[in-house]
Amino acid sequence: MKKLRPLPNFSRLADWAAEAIITIAGLAVILTLAAMPALMLKEAAPLFLPPGLKPLGKIESPEKLDPGQVAALIVSADLSGKNRAAGLLARDGRLAFAVPGEGGMAFLPWRPLTGSAAAIRQAENLGGGKFSLLREDGVLNLAQIDLEFASDGKGGTVVEPAARILLEVEMGGETAPPLYAMLRGDGASHQALAVYADGTVREKRLAPPRGLLRRGGGIASEREARIRLPASLSAAALNRSGDTLYLGTGEGDLIKVDLSGDSDSEIAWEAVPAFPDRRPVTALAFLNGDYALAVGDGLGGTSVWFPRRENGEFRLRRAVAWPIGGGAVEAITPSLRDRSFLSLRRDGSLSWFHSTTARELLAVPARNPKPGLLAVSSRGDNLLSLGSDGNLEFQAMDSAYPEAGWNGFFRRLLYEGYERAAFVWQSTAPESGEPKLSLVPLVWGSVKAAAFAMLFATPLALAAAVFLSQFAPPAWRACLKPVVEMLAAVPSVVVGFLAALWLAPLLESRLRFFLGDQPYDQRNSLVIAVALGFAVIPNIFSLAEDAISAVPNSLAAAALALGASKWQAVRGVVLPAAAPGIFTAVMFGLGRAVGETMIVLMAAGNTPIISLSPYNGMRTLSANIAVEMPEAPVGGVLFRTLFLCSLLLFALTLGINLTAEILGHRLRRKYGSP
Amino acid sequence: MAGGNGGFARDGKFWITLFGAALAFILLMLAVPGYLIVKNSLAALWPAPLERVRLRDGGVFLGRRVNSDLSPGGQVRIQYKVGNRELNASADFRWVRELDIAGIDFPEQAVALTRSENGDFFGFWLEDGEAGTGRPETLALKLEDYRRRREAEAEPPRRRLIELGERWRETNLAILKAAYPAESPEGRRLAGLLADEAEIKAESERILGVFNGIREDFLAERETFAAADSTRTLLPLDFILEAIWPNRLGFFGRLAQFFRNVRGLILDYPRSANTEGGLFPAIFGTVLLVFLMAVSAFPLGVAAGVYIQEYAGNGFLSRLARVAVNNLAGVPSIVYGIFGLGFFIYGVGGGLDSLLYPERVAAGINTFGGGGMLWSSLTLGLLTLPVVIVATAEALATVPSEIRQGSLALGATRFQTLWRVVIPLAAPGILTGFILAMARAAGEVAPLMLTGAVKSAHLLPLDAEWPFLHPERKFMHLGFHIYDMGFQSPNVEASKPLVYLTALVLLILVFAMNLAAICLRQRLRNRQGMKGL
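The listed protein sequences correspond, in order, to chains A and B. Letter by letter, the first sequence follows residues 1 to 674 of the working numbering. Letter by letter, the second sequence follows residues 675 to 1207 of the working numbering.
No lab work stands behind these hints, which were simulated from the structure alone. Positions of the beta carbon are idealized from the N, C-alpha and C atoms, including for glycine. A portion of the hints provided could be inaccurate.
If you anchor each label on the Cβ, the simulated ranges turn out as follows [claimed, not checked]:
| hint | chain 1 | residue 1 | chain 2 | residue 2 | range |
| --- | --- | --- | --- | --- | --- |
| 1 | B | L882 | A | D264 | 53 to 61 Å |
| 2 | B | P859 | A | Y418 | 55 to 63 Å |
| 3 | B | I1192 | A | I21 | 29 to 37 Å |
| 4 | B | Q1162 | A | A422 | 26 to 34 Å |
| 5 | A | R510 | B | F688 | 22 to 30 Å |
| 6 | A | R477 | B | V969 | 32 to 40 Å |
From chain B, some residues computed to sit far from chain A (all C-beta separations above 12 Å) [to be verified]:
| hint | residue |
| --- | --- |
| 7 | R771 |
| 8 | D794 |
| 9 | P810 |
| 10 | G887 |
| 11 | G927 |
| 12 | L1029 |
Output of the computed footprint for chain B on chain A, the stretches with three or more beta carbons under 8 Å from beta carbons of chain B [what the hints assert, rightly or not]:
| hint | stretch |
| --- | --- |
| 13 | 464-476 |
| 14 | 481-493 |
| 15 | 620-629 |
Whole structure, please, built from the sequences with the hints as guidance.
If you want it as structure tokens, here you go:
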């Protein structure tokens, strides 16, 4: 016989260790549920961060030039954001560059930019280091001013400023030099445009340079138009491709000049009285994308205009307007990366607007010394300003995700070229296109798909559950229930593939006959109703059948004993008693339908439209993630928006499941059933 | 009238019938997919005879009948697989109205070629390029002889090239490592590696030259074939994987060919942009994925289930854990995919990469920081965790508390009671949960799309190369294969038969696991019942 021994230490240790491990595992599950939304929130939160301007330091401009003496500023930064360089083009044609060196930024000696000796009246940054310069004598220059950082081959970056004149075109008028003049070109052929005070618009097209010396090819063609000005000109902007010119007048008119077509076609123009109060137009600039025009006026108001379709014709119309104040707008500096721009007013106050979402991203109050001249780096992350005291100031522009935010995701927006404000999802816009990130069509798609599926599945599943548990012979139950439940295991990818490649064409060929010419997408809501319904029927059926079968027999028996028929007993006693369970079953089915991915991805057509028609498809939140995630650059606005989509989906399903749980619990208490 | 209504409302016959019809409709709906998949799969595998169809408009083609239906106009249409993709503008299938057919015959000499490119070819072999069709036996012998020679001559250099390619890749990674960081490279090691690389490159080029020479010779061996309409085409023997004469086969011949086709489906690699060939890598990937998922998720799931049922008591934490599990079960699978992408791939994987392979990160090469088998299986593990936890908790709940108390009363610790008494009793339920979780995991696709499933992966995640298991590799998956072939393929129509077959294989896999779960539950239950006696 064994003697009872005290518990060995090992056993106690094992007991303790096991408890620790098991508790950790249990808590890990709770943690996972918390970690999921936390991670999605972490990725999506930056979308809602406010943009910011962060001062990075000041340097004195050489000779303390004040903004009036400077034609243009140039700023660039390397990818790390640690190194910046600045350039300063004085009106007298001299250039000064500040580059990072030992002991901080330092200006290199002045260097001349050769070309015409006359002072520079206007300078316009065309991107890629190209500048269009108009001199006082009417000569137009294309200058190349390089200030971009390049890799030094040792893991660092280096900047080697360089500047030269590429082209010179005489644009002097018969009487006076032009008011405005700009050069456009693609490196081979060029286009020079001049606007004169009397309303004359003259365009010269230059042939590609030829020969070893690559001399200017000379004027190939020339055309001219005389615009009847409603008032004197006060601002002008030509787009990048050089086919649309906007002019503003001192009495609130906007004139659109159409320069498209070859040099034989006539220059068409159209004047729009933009401001009924006849406030002067003081600044014009094209936003990134070459379509929308930012307009600054004499009262400090800023607005965005672009042609919109109206009765079949495109008309220049105002899309957004921000309030007035702060004195006339002196300059508008568009970002080269997105649809945001800076508007500088006379009192020195600065506003950072975003056109698509109609938001003022940031308002910088007037300060002293007031900034007089601005430049934004090509990646839109650095701002250089020249103050009235002759100091240059660097600021980091963190525009965050301007196209995102509440407005971007959930508000009707007037996108460029659209007839009216709309909810649009179109993330894969062409380069410099306008990303359209409205989540409304996606939420609509998820809701519509789920609604159609539930309309199809709920009556069928519930009717079948009632029949099987109450009216069918008991032997059926033992056999059919596992069969239906096993079908819950059919992979949704199989259901989706059959729905899309077999059901959808079949349905189309059968319905075509009845529908005639009605618009009909092959992959539509009817297909989704059947396919997604198919997927959720086993879930609803199984849970509802459990709930109905769990009603104590005594209840129905009592009803039967009182003389009710079987049907009356079921309808009057059993079903009300099972109602909480049935409700829970339907809600869980709904949760599954909202989150299902593969079926809708394959059979819903994935067009993000908002329509009630059963003959249209949809794009759901879940399918959207599956479609777009593989293409989304990590950390980009699309990437983060997709995390937001999944957060929404998570919240939606969590809400449905919690509702099911809580309401089901409450109903159960109220009706006092199992 | 009123009485009649009352009676109708009383016995509710109408509704009961309707409800019964609903059940019947659901069962019918469930039968349809099974029928479709099995029918189309069999049609794709069965070596049906080749019909030579003469049309009233004078056209003629060879094809295998796969389908027929009533067109909306009320006419019988027949669908033929006609193959010959390069001659038929890439259309593998052709619908013909029965009305348009003038006659059908079954030429004995019609040959069906399985090719490595452009799918199947149906036609006739012209011996020596002559008009007369050649004898099947001669072609079969020719092919056999050709393959033997090719195996002997071209195979060794090909294998050597693959080997060299692998060595070159490894050497390059080693060079990256030796050259990092740029300020202090391991000079001597680097020089040695660079010399190695040059050597490998030189040898590769030499062997490639030899191989190309041999290959060209082999490609030059061609035979003339003619389609039914006498269009001739010269096919290199190299492209012909299999030649059969379906119209010469008897029933058992067909059956044998059917099983050869099944074997090919399971054991071959895909060909022709996944529209032809077998499913081996996809099956392999699916099974390995589910296995890794099980290994990673089940211990945690069981522990969490034990916590909820046995350790947590009835307090706030236990309720919270239950709510968490219930809600995790309702989270859409694509959300798990996003979580896997954000947490495992970019979080853990990216961290591992910068820790283990900073030189590769600097060169922009992902190892663990990209999608792969490991992250997919962990994501699936998370997804199936609720199934395992619920099954475990339920199984533990069925163990009567007297048994626990008995064990504790005899002096066993809590863990000993759990490990020796409670878990063995609950094992059938837990195991059933495991298998159901595996079945669920095998059918999930959405999370894999974000975490590492790809349309084509030539390297398996498990092979004979050290360290045998390569969890960072991307993989093929049956479910993803269905999506990819049916929706991303350049030739959806041509890949349809294979999509049905893939669906069939996936369904068999999933249902086999479900059935196994049911059987296991039953058997273990019975055994336990006897032990109890």
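Here is how each hint holds up against the structure:
1. L882/B / D264/A: 53 to 61 Å: This hint holds: roughly 58 Å between Cβ atoms.
2. P859/B / Y418/A: 55 to 63 Å: Taking Cβ atoms as reference, P859/B and Y418/A lie about 56 Å apart, which means the hint holds.
3. I1192/B / I21/A: 29 to 37 Å: holds (31 Å)
4. Q1162/B / A422/A: 26 to 34 Å: holds (30 Å)
5. R510/A / F688/B: 22 to 30 Å: The hint (22 to 30 Å, Cβ to Cβ) holds, given that R510/A and F688/B are roughly 28 Å apart.
6. R477/A / V969/B: 32 to 40 Å: Holds: the Cβ-Cβ distance is about 37 Å, inside 32 to 40 Å.
7. R771: holds (15 Å)
8. D794: Holds: least Cβ distance 20 Å, greater than 12 Å.
9. P810: Per Cβ check, P810/B is outside 12 Å of chain A; nearest 36 Å; holds.
10. G887: Correct as stated: the minimum Cβ-Cβ distance to chain A is 41 Å, above 12 Å.
11. G927: holds (32 Å)
12. L1029: holds (19 Å)
13. 464-476: The restraint on the stretch 464-476 of chain A holds, since 6 of its residues have a Cβ under 8 Å from chain B and three suffice.
14. 481-493: holds (count 10)
15. 620-629: Since 4 is at least three, the answer is holds.
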